[in-house]
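Enquirer: Each protein sequence line maps, in turn, to chains C and W.
Take the first sequence: its position 20, counted from the start at 1, is 20 in this note's numbering, and no numbers get skipped.
Take the second sequence: its position 268, counted from the start at 1, is 268 in this note's numbering, and no numbers get skipped.
Please keep in mind that the hints were generated in silico from the structure rather than gathered at the bench.
The C-beta atom is built at its ideal place from N, Cα and C for all residues, glycine as well.
One or more of the hints may lead you astray.
[As the list claims (entries may be wrong)] Residues of chain W placed beyond 12 angstroms of chain C at every Cβ, according to the derived structure:
1. PRO11
2. MET40
3. GLU128
4. ASN323
[Claimed, not checked] Examples of chain C residues toward chain W, derived with CB under 7 angstroms:
5. VAL296
6. HIS298
7. ASP300
8. GLY301
9. GLU302
10. VAL304
11. ARG305
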Amino acid sequence: MSARYDAIVIGAGHNGLVAAATLARAGRKVLVVEARDHLGGMLGDKDFRVAPLPFALRPDIVKALKLDTAVIHGAPPPPVLAFGADGPPLKVRGGAVEGAETALAQAYAALHARLGRQAGALGAMLLAPPPDLGRLRPGDLGGLARMALKLRLLGKAELRDLLRIALSNVWDLLEDEIGDGPLAGLMAMDATLGGAMGPRSPGTVLTLLYRMASRSPHGHGLRVMPKGGPDALVRSIADCVKAAGGEIRTNARVEEILVENDRAAGVQLADGEQIASPLVLSNASPKVTLLELLGVSHLDGEFVRRCRSMAARGMVARLDFDAPAPPALRGGGTLASGQRLVAAPDMRAIETAFNAAKYGSLPERPVIEATYDAATARLSVSAQFAPYDLKVGWSEEAKSRLSASVLAMLDEVLPGFGATTGAARVMSPVDIEAGYGAAGGHWHHGEFRIDQLLMLRPFDGAARYRMPVAGLYLCGAGAHPGGDICGAPGFNAARAALGAKGE
Amino acid sequence: MNAPATSAARPVPVPQVLSGLEPGPFHDRLAALNHQQAWMNWMGYASPSVLDTVEFEYFAIRNQSTLFDISPMCKYAIAGPDAEAVVNRLVTRDIRKLKPGRVAYCIWCDEDGQVVDDGTVFRYGPNEFRLCCQEPQLSWLEDIAWGYEVTIRDVSREIAGLALQGPTSCALLRDLGLDGIESLKPFGIGSFDIAGVALSVSRTGFTGDLGYELWMAPEGALAVWDALMAAGRLRGLRVIGYEALDMARIEAGFLLPKIDFLSAQTVLRADRAVTPYELGLDWLVALDKPHFNGRRALLELSRKPPRRKLVAIEIERDKPAHNALVYHRKSREVGMVTSALWSPTCKRNIAYAWLDAPYGQTANDHLWVEIYLQKEIRWQRRMARCHPVEKPFFTHPRRTATPPAEY
Numbered sequence: 001m002s003a004r005y006d007a008i009v010i011g012a013g014h015n016g017l018v019a020a021a022t023l024a025r026a027g028r029k030v031l032v033v034e035a036r037d038h039l040g041g042m043l044g045d046k047d048f049r050v051a052p053l054p055f056a057l058r059p060d061i062v063k064a065l066k067l068d069t070a071v072i073h074g075a076p077p078p079p080v081l082a083f084g085a086d087g088p089p090l091k092v093r094g095g096a097v098e099g100a101e102t103a104l105a106q107a108y109a110a111l112h113a114r115l116g117r118q119a120g121a122l123g124a125m126l127l128a129p130p131p132d133l134g135r136l137r138p139g140d141l142g143g144l145a146r147m148a149l150k151l152r153l154l155g156k157a158e159l160r161d162l163l164r165i166a167l168s169n170v171w172d173l174l175e176d177e178i179g180d181g182p183l184a185g186l187m188a189m190d191a192t193l194g195g196a197m198g199p200r201s202p203g204t205v206l207t208l209l210y211r212m213a214s215r216s217p218h219g220h221g222l223r224v225m226p227k228g229g230p231d232a233l234v235r236s237i238a239d240c241v242k243a244a245g246g247e248i249r250t251n252a253r254v255e256e257i258l259v260e261n262d263r264a265a266g267v268q269l270a271d272g273e274q275i276a277s278p279l280v281l282s283n284a285s286p287k288v289t290l291l292e293l294l295g296v297s298h299l300d301g302e303f304v305r306r307c308r309s310m311a312a313r314g315m316v317a318r319l320d321f322d323a324p325a326p327p328a329l330r331g332g333g334t335l336a337s338g339q340r341l342v343a344a345p346d347m348r349a350i351e352t353a354f355n356a357a358k359y360g361s362l363p364e365r366p367v368i369e370a371t372y373d374a375a376t377a378r379l380s381v382s383a384q385f386a387p388y389d390l391k392v393g394w395s396e397e398a399k400s401r402l403s404a405s406v407l408a409m410l411d412e413v414l415p416g417f418g419a420t421t422g423a424a425r426v427m428s429p430v431d432i433e434a435g436y437g438a439a440g441g442h443w444h445h446g447e448f449r450i451d452q453l454l455m456l457r458p459f460d461g462a463a464r465y466r467m468p469v470a471g472l473y474l475c476g477a478g479a480h481p482g483g484d485i486c487g488a489p490g491f492n493a494a495r496a497a498l499g500a501k502g503e
Numbered sequence: 001m002n003a004p005a006t007s008a009a010r011p012v013p014v015p016q017v018l019s020g021l022e023p024g025p026f027h028d029r030l031a032a033l034n035h036q037q038a039w040m041n042w043m044g045y046a047s048p049s050v051l052d053t054v055e056f057e058y059f060a061i062r063n064q065s066t067l068f069d070i071s072p073m074c075k076y077a078i079a080g081p082d083a084e085a086v087v088n089r090l091v092t093r094d095i096r097k098l099k100p101g102r103v104a105y106c107i108w109c110d111e112d113g114q115v116v117d118d119g120t121v122f123r124y125g126p127n128e129f130r131l132c133c134q135e136p137q138l139s140w141l142e143d144i145a146w147g148y149e150v151t152i153r154d155v156s157r158e159i160a161g162l163a164l165q166g167p168t169s170c171a172l173l174r175d176l177g178l179d180g181i182e183s184l185k186p187f188g189i190g191s192f193d194i195a196g197v198a199l200s201v202s203r204t205g206f207t208g209d210l211g212y213e214l215w216m217a218p219e220g221a222l223a224v225w226d227a228l229m230a231a232g233r234l235r236g237l238r239v240i241g242y243e244a245l246d247m248a249r250i251e252a253g254f255l256l257p258k259i260d261f262l263s264a265q266t267v268l269r270a271d272r273a274v275t276p277y278e279l280g281l282d283w284l285v286a287l288d289k290p291h292f293n294g295r296r297a298l299l300e301l302s303r304k305p306p307r308r309k310l311v312a313i314e315i316e317r318d319k320p321a322h323n324a325l326v327y328h329r330k331s332r333e334v335g336m337v338t339s340a341l342w343s344p345t346c347k348r349n350i351a352y353a354w355l356d357a358p359y360g361q362t363a364n365d366h367l368w369v370e371i372y373l374q375k376e377i378r379w380q381r382r383m384a385r386c387h388p389v390e391k392p393f394f395t396h397p398r399r400t401a402t403p404p405a406e407y
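All chains should be built: construct the whole structure from the sequences, respecting the hints.
Expert: Structure, rendered in structure tokens:
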């Protein structure tokens, strides 16, 4: 097999495309192979987007790839609507909240700013490979040193505060600072969405900080709709790949990562075609990449054990409802296209919904995040907690039960919505797993937990993107810093692969 | 106080201390012969450390034949279409070269190239193996075998084992009608029966001498024992305990886990784990075969000299160097002794010692051991010169001669 490509990227999810663009712009001949017929992975399916409301692609990456920030970061997002048990929703723009009592609004603004500063300091680590504690090299310390410096600059009191709260649970923090209610519900939703943890689970402050570290010109911690929707984001990164000479093939499912002399040698597609390349970057989840595509015969037993026991239990179901007209809001007005709605009346509601899911059942009252898309006349809902390992199995009946309970929640915040819509299309974590190479149907390819972050992400011995088989890299959400739509794992993995060339 | 005077002479039974150990398949016979009642704990079994006197037992190994109960060994049956691939992934040797009906001594390593344990791999068929080793390995084996089509069963309690070792062992088995036993080559396996009990016999052992290991179902264990003991009367057969075997294994160059090295799975201090290169077992590592556990780490390790090495040493004068420290030029501490013995057969003072690099590798002169001797509660310190030598200390042509001579 003679190599026609310098690198092959498995999966055209946004991280795969960012990796491909980074490699292509560095002069590498890159091929992206995508199993499905569309680009953008969970972001890109026009018929059913797993991630309809992306977080912002990191500005550093937008700059490095010379993407158009006006497209990527669009316009300032409309206020998030946080519904309580009754009354009109609170309107939340970053740290500013409209509709709450002054004292609460002030406490919230202070907390939002404080967490933002702390998240900013932690964020210095996001665009650097996690340090290798076994053998620290001066070059690796950049991210760590930047983070240490930024943490110092927070000042003594705030640093002490960060250390106090970082590993604790978001319930205690929010209860202390703003009290339980729709605002706490909104923040706790951000802390838990996509993970197998409730507000009372330890480590949820850290996950909240992770989300608060998301940055865009409009502020931090925001969901930012690209101009032209998620497709515009996918298209601009794909165009960047192509402009730099990269190729992208859809409907090309990789069946196996080829290995020769203990080095990655290319990929084999489902139709038997073999494509040679000395570098293979996989955007599939670590479990899928290592256990299925590569195969355990190339890996040590302990490494396989740690990979197998990675926590990656998806907890979010996606439901799409037809919405012929913009849904009417409780308290007046309508939901704007691209606007985010959160129906988690308080933290207790989230914790209660989590309790059922912990033991493999569906909650009676799921907590939801929804957004309306005028172009497709659709209301997209992310409902939690919907466990991957549902005890009764993800039958049609289970889906319609979930759909009915979600609709009941929607009817409370969008009065009369149920009468105008038909049956929902439901995508369970099992469907997400089957469709997107994400083990456990987990959004982030692996739980955000302190034992699965930084040099322990995706698991001990597999951090730093480079896998034991030389030339194979992980570039998906399973790798540091992981999850959401930020592009950092793909960016970091590509740079690690570029740095390792000629090893 | 009115008891009749005659009853005072009658011995009163003294209550015994229960050891809490499990009786093995041969326990009834061992208990009757164990005059010392010296039992040790071997994987939960009561195993004799010495039955009579260690000297008699040791010399029986080298001059007659001996019986030692090895039933407590951990034994795992590995079978299925991927059995060869799994065993090859486990051990550092190229097991594809092991033919059915043969046995191979192997080690296996963790992902850092550090030794987890050693043992023997028995190949009974293309897809059928048995692993015998000292430490429980089931969870390790299951990790190694994950994703393969293979079944792994702990058969430790399903198989009784006897080591029949010594110059007269072959003749003894022939006396019992084991036709063809004399043509069994070292590390070969054959099927026979004794007293109607089906046996698997391998020409293997831990003494470095002519000898066999007999494997059978526990139900037939006592019948086989009785037949062996009856036939052994004219062949000088003697039942032995661990202490005598330990002397023989030091002479024969065999290492013992927990004594000479620790398993990487059990160490608390990371630097206590050892590599095959440090143990001098380079010959067991086939870096040219497909990926196996620890291969990448071993490849790295093979490129540089080990930071320390377990070497065989010979010590001047006659006092065994138990637990001795090793010095360079009598002043700089460079290592320690793990096993030591005055070898009655070799008439040499021998030991294994860990020596920090470069000692034992490129610097072999001016090494001394510090021996402590107790003479009637008074300790004496003696420095004795030592020299690294090649293993084994004891070797005899009868170990490999096929057919073995009639002794």
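Enquirer: Which of the numbered hints are not met once you compare them with the structure shown?
Expert: Violated hints: none; all satisfied.
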